[in-house]
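Asks: Please work from the sequences and hints to get the whole structure.
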Amino acid sequence: MQQHSRDFLQAASTAIGDPESAGTRKALGLLMPKLREQAIETFGGSDDFSALRAEVKAIRQHALGHLAHYLESFTSAARENGSAVHFARNGNELNDIVLDICARHEAHRIAKGKSMITEETGLNAALEAAGFAVRETDLGEYIIQEANETPSHIVGPALHKSQADIRELFLDRHDLGERDLADATEMVAEARQVLREEFLAADVGIIGSNALIAENGYSMLVTNEGNGDLCANLPPVLIVCTSVDRVLPRATDAMAMLRLLVRSTTGQAVSCYTSFYAGPRRPGDVDGPVETHFVLLDNHRSEILASDYAEMLQCIRCGACLNHCPVYMNAGGHAYGWVYPGPMGSVLTPLLTSLEDSAHLPDACTACGRCEEVCPASIPLPDLLRDLRRDKFEQRVTARRWRWGMQIHAWLALHPRLYQRVTNLAVAVMHRVGRRHGVIRRLPFAGGWLEARDLPTPAAKTFQAMHQESLGK
Amino acid sequence: MAPTPRKTLDTPQDKQEPTPSTPRHVALYVTCLADLMRPSVAQASLELLQLAGCEVTVPAQQTCCGQPAYNNGDFSGAARIAQQLIESFEDYDYVVLPSGSCAGMLIEHYPKLLEGQWLERAHRFAGRVYELTTFLLDVCDYHPEKQRSAAPVAYHDSCAGLRELGIRQQPRSLLARAGIPVEELAQADVCCGFGGTFCAKMPALSGAMADQKLQDAGDTGAGTLIGGDLGCLLALEGRASRRNMPMQFQHIAEVLRGAASTPPNAKSDAS
Chain A
0 MQQHSRDFLQ AASTAIGDPE SAGTRKALGL LMPKLREQAI ETFGGSDDFS ALRAEVKAIR
60 QHALGHLAHY LESFTSAARE NGSAVHFARN GNELNDIVLD ICARHEAHRI AKGKSMITEE
120 TGLNAALEAA GFAVRETDLG EYIIQEANET PSHIVGPALH KSQADIRELF LDRHDLGERD
180 LADATEMVAE ARQVLREEFL AADVGIIGSN ALIAENGYSM LVTNEGNGDL CANLPPVLIV
240 CTSVDRVLPR ATDAMAMLRL LVRSTTGQAV SCYTSFYAGP RRPGDVDGPV ETHFVLLDNH
300 RSEILASDYA EMLQCIRCGA CLNHCPVYMN AGGHAYGWVY PGPMGSVLTP LLTSLEDSAH
360 LPDACTACGR CEEVCPASIP LPDLLRDLRR DKFEQRVTAR RWRWGMQIHA WLALHPRLYQ
420 RVTNLAVAVM HRVGRRHGVI RRLPFAGGWL EARDLPTPAA KTFQAMHQES LGK
Chain B
0 MAPTPRKTLD TPQDKQEPTP STPRHVALYV TCLADLMRPS VAQASLELLQ LAGCEVTVPA
60 QQTCCGQPAY NNGDFSGAAR IAQQLIESFE DYDYVVLPSG SCAGMLIEHY PKLLEGQWLE
120 RAHRFAGRVY ELTTFLLDVC DYHPEKQRSA APVAYHDSCA GLRELGIRQQ PRSLLARAGI
180 PVEELAQADV CCGFGGTFCA KMPALSGAMA DQKLQDAGDT GAGTLIGGDL GCLLALEGRA
240 SRRNMPMQFQ HIAEVLRGAA STPPNAKSDA S
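Those protein sequences? They're chains A and B, same order as listed. Just so we're aligned, residue 0 is where the first sequence starts under numbering that gives the first Met the number 0, counting upward by one. Just so we're aligned, residue 0 is where the second sequence starts under numbering that gives the first Met the number 0, counting upward by one.
Derived from the structure by calculation, the hints contain no laboratory data. Warning: the hint list may mix true and false statements.
Cβ pair distances, simulated, as ranges [what the hints assert, rightly or not]:
| # | chain 1 | residue 1 | chain 2 | residue 2 | range |
| --- | --- | --- | --- | --- | --- |
| 1 | B | GLU182 | A | GLN467 | 34 to 40 Å |
| 2 | A | ARG435 | B | PRO58 | 31 to 37 Å |
| 3 | B | GLU89 | A | GLN467 | 19 to 25 Å |
| 4 | A | ALA425 | B | HIS122 | 32 to 38 Å |
| 5 | B | ARG147 | A | ASP6 | 51 to 57 Å |
| 6 | A | GLU71 | B | SER75 | 39 to 45 Å |
| 7 | A | ALA425 | B | GLU182 | 34 to 40 Å |
Derived pair list, reagent style DMTMM-like, types lysine to aspartate or glutamate, alpha-carbon separation capped at 20 Å [claimed, not checked]:
| # | chain 1 | residue 1 | chain 2 | residue 2 |
| --- | --- | --- | --- | --- |
| 8 | B | LYS145 | B | GLU46 |
| 9 | A | LYS56 | A | ASP382 |
| 10 | A | LYS33 | A | ASP47 |
| 11 | A | LYS56 | A | GLU372 |
| 12 | B | LYS111 | A | ASP307 |
| 13 | B | LYS200 | B | ASP210 |
| 14 | A | LYS25 | B | ASP215 |
| 15 | A | LYS25 | B | ASP188 |
| 16 | B | LYS111 | A | GLU393 |
| 17 | B | LYS111 | A | ASP386 |
| 18 | B | LYS111 | A | ASP390 |
| 19 | B | LYS200 | A | GLU450 |
| 20 | A | LYS460 | B | GLU46 |
| 21 | B | LYS200 | A | ASP386 |
| 22 | B | LYS200 | A | ASP382 |
Ideal Cβ positions, reconstructed from N, Cα and C, are used throughout, including at glycine.
Replies: Structure representation (structure tokens):
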């Protein structure tokens, strides 16, 4: 996908200024934390959740610590089941592998379930350029495909669209004559009718994966719409596109992760559909694909695993950090400018693309810690974002005025006597500037602060100066 | 939901406790923001600690705790500041700060910046460091002077204090002891948008977040917003001023010291 993260500040400002989308996001920011909290309390309680969290963290760290071993186990088990397993070093390789399979089967139409990995590789554009007709079948993905937009949330890709937007879109895009489409139920019914044809006509189905299970070569998929199952079972060829870090040792590990994932994602105890894909149809099976492929993407993940950022690979893509991030709720997902928004996106995007192109993202954080508090995978997101700022500083990606400003400030802080003389002077000046109005509206070096707010005027002297006077020094 | 801090502050029992007969010797680290922007917070903290029976020193070597450097990625600059601060403060029984965010820096983050012997010193040092309300309540069991017919206040939980140090009940208990009713914000666990240099780097986002916090505080009906971190309070006060909102902002030290009815010193100087 084309990256626009350099425009983060401008895009965030635009989103803040749009009252309709800001209202939608505000409602989401209130609703999602409540759903999650209720789900945790209702299904097991927070102690149970904490215990699960510790268990899943240990599972993920173990799996990632022995990634090559479990990938080999998965590969041999999946091949025994009759599936083909392919590895792609980067996005282009994944796209080429998928294109090759589709071409070999002389496919025309492709039905896709939701897959952030194929958003990452830009698979749809590659398939369309090669002449294939691609249809997204997850309702959110379908809506943004029809609207020619990109996902704004990793779980709810069309959360930025209002009901009115969707109604207008469907009336425009579906040639179904006069109709009301008065409410969401009618719109969903219409999408279902349109998409049913697509499932039946598709030559190839492409889906993502929530977990690959090393011990049996299965892939787990969690959905609420069942579209993934139709993509997987109706077309003769199934391609599962996912990344190498999804592998877990055992089916019981996937179960533990599942319990955390669904509660954290939508506040349900369990999603409507949880499916395990075991490979192609066996003799006697009544349905299922004739051919099954797994395409496993690396795209810098091996490098991340060997770096200080390995913990980021524990992510299970639940979206809880987005739902609890006040920056995400105000900026909106599109402002982040690539596939993954919010706190997890602000860590992943620089690691999967480049620090230069994503330089604003590590700064898009107040270190409030709410994301880390809710992260089911126990990822220290604020620490990782701060580490990325260290990389920015050391690699001189940070703007020069900030680097120099910080270095001067640190140098002063290391010279207390000089620091106190300088701060006394600064305070005296600020006091004079602001004393008439009680606040300061213009001041050199304070442009960022003063853009959104006034600066309360300080007293005439610093505390330390007054205190030393009172001690008679 | 109760916050789940990564590591809660050690309970007082875990920290070394001088014999009850001798006064506790406390080093007050006033924080750079109180020093520069609102000395009344530092003065009130000093007096509260004395009223709580402590012998208080304000070490003259203090500057900034290094958060700006740390949060902007200058880890080596921040580490040098950490070493200087530890050296100046480690000989006192206790180090107390009127800020959850600076206390969190000393307790949680200094150990991340240092290695070897310095890391050991940072760990030992962290065991002596307390945020003001935690110290007054949990260590001193301080009962502030009861204030008659005090107006209700809204309370803003700063994120670092709340999540890094688990400070939630302490300020509320102290306010209750002082007879000051607290109105709770509906979204008390959501950031106010200050975030240190975040507010200068991303003013539009920071302003929007501040607006949501101000709206929430205003909806409580209380005319004053109290907090334990001057950074959040100054940022909110500045935003409220820009938008001509009439709310008052005070640090909890000022309020417990009985300054609830006086406006911030700068404005009183100007009048």
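Asks: Next, verify each hint and record whether it holds.
Replies: So, going through the hints one by one against the coordinates:
1. At roughly 39 Å, the beta carbons of GLU182 of chain B and GLN467 of chain A sit within the given window of 34 to 40 Å.
2. In this structure, ARG435 of chain A and PRO58 of chain B meet the distance hint of 31 to 37 Å, their C-beta atoms being roughly 35 Å apart.
3. Separation of GLU89 of chain B from GLN467 of chain A is about 22 Å and conforms to the stated range, judged on CB atoms against 19 to 25 Å.
4. ALA425 of chain A and HIS122 of chain B have their C-beta atoms about 35 Å apart, which keeps the hinted 32 to 38 Å range intact.
5. A hinted range of 51 to 57 Å for the beta carbons of ARG147 of chain B and ASP6 of chain A is consistent with their spacing of about 56 Å.
6. Between GLU71 of chain A and SER75 of chain B the C-beta distance comes to about 41 Å, which sits within the given range of 39 to 45 Å.
7. In this structure the supplied range 34 to 40 Å holds for ALA425 of chain A paired with GLU182 of chain B, their Cβ-Cβ distance being about 36 Å.
8. Only pairs whose Cα atoms come within 20 Å are accepted, and LYS145 of chain B paired with GLU46 of chain B is accepted, the gap being roughly 16 Å.
9. Proposed proximity of LYS56 of chain A and ASP382 of chain A is supported: the alpha carbons are some 17 Å apart, at most 20 Å.
10. Taking the CA atoms of LYS33 of chain A and ASP47 of chain A, the gap is about 18 Å. The hint holds against a cut of 20 Å.
11. Note on LYS56 of chain A and GLU372 of chain A: the hinted pairing holds, with a Cα-Cα distance of about 14 Å set against a maximum of 20 Å.
12. At roughly 13 Å between alpha-carbon atoms, LYS111 of chain B and ASP307 of chain A fall within 20 Å of each other, so this suggested pair holds.
13. The suggested pairing of LYS200 of chain B with ASP210 of chain B holds, with an alpha-carbon distance near 17 Å, which does not exceed 20 Å.
14. Among the hinted pairs, LYS25 of chain A with ASP215 of chain B is consistent with the structure: their alpha-carbon atoms are about 13 Å apart, no more than 20 Å.
15. Between LYS25 of chain A and ASP188 of chain B the alpha-carbon distance is near 15 Å, which keeps this suggested pair within the 20 Å criterion.
16. As the CA atoms of LYS111 of chain B and GLU393 of chain A are separated by approximately 17 Å, the hinted pair is consistent with the 20 Å bound.
17. Taking the CA atoms of LYS111 of chain B and ASP386 of chain A, the gap is about 11 Å. The hint holds against a cut of 20 Å.
18. For the hint linking LYS111 of chain B to ASP390 of chain A, the alpha-carbon distance of about 16 Å falls within 20 Å, and the restraint holds.
19. A hinted pair counts as satisfied when its Cα atoms are at most 20 Å apart, and LYS200 of chain B with GLU450 of chain A qualifies at roughly 10 Å.
20. This hinted pair checks out: LYS460 of chain A and GLU46 of chain B have alpha carbons roughly 19 Å apart, not beyond 20 Å.
21. A distance of roughly 18 Å separates the Cα atoms of LYS200 of chain B and ASP386 of chain A; the hinted pair therefore holds under the 20 Å criterion.
22. Restraint check: the Cα-Cα separation between LYS200 of chain B and ASP382 of chain A comes to about 19 Å, which is no more than 20 Å; the hinted pair holds.
In this structure, none of the earlier numbered hints is contradicted; all agree with it.
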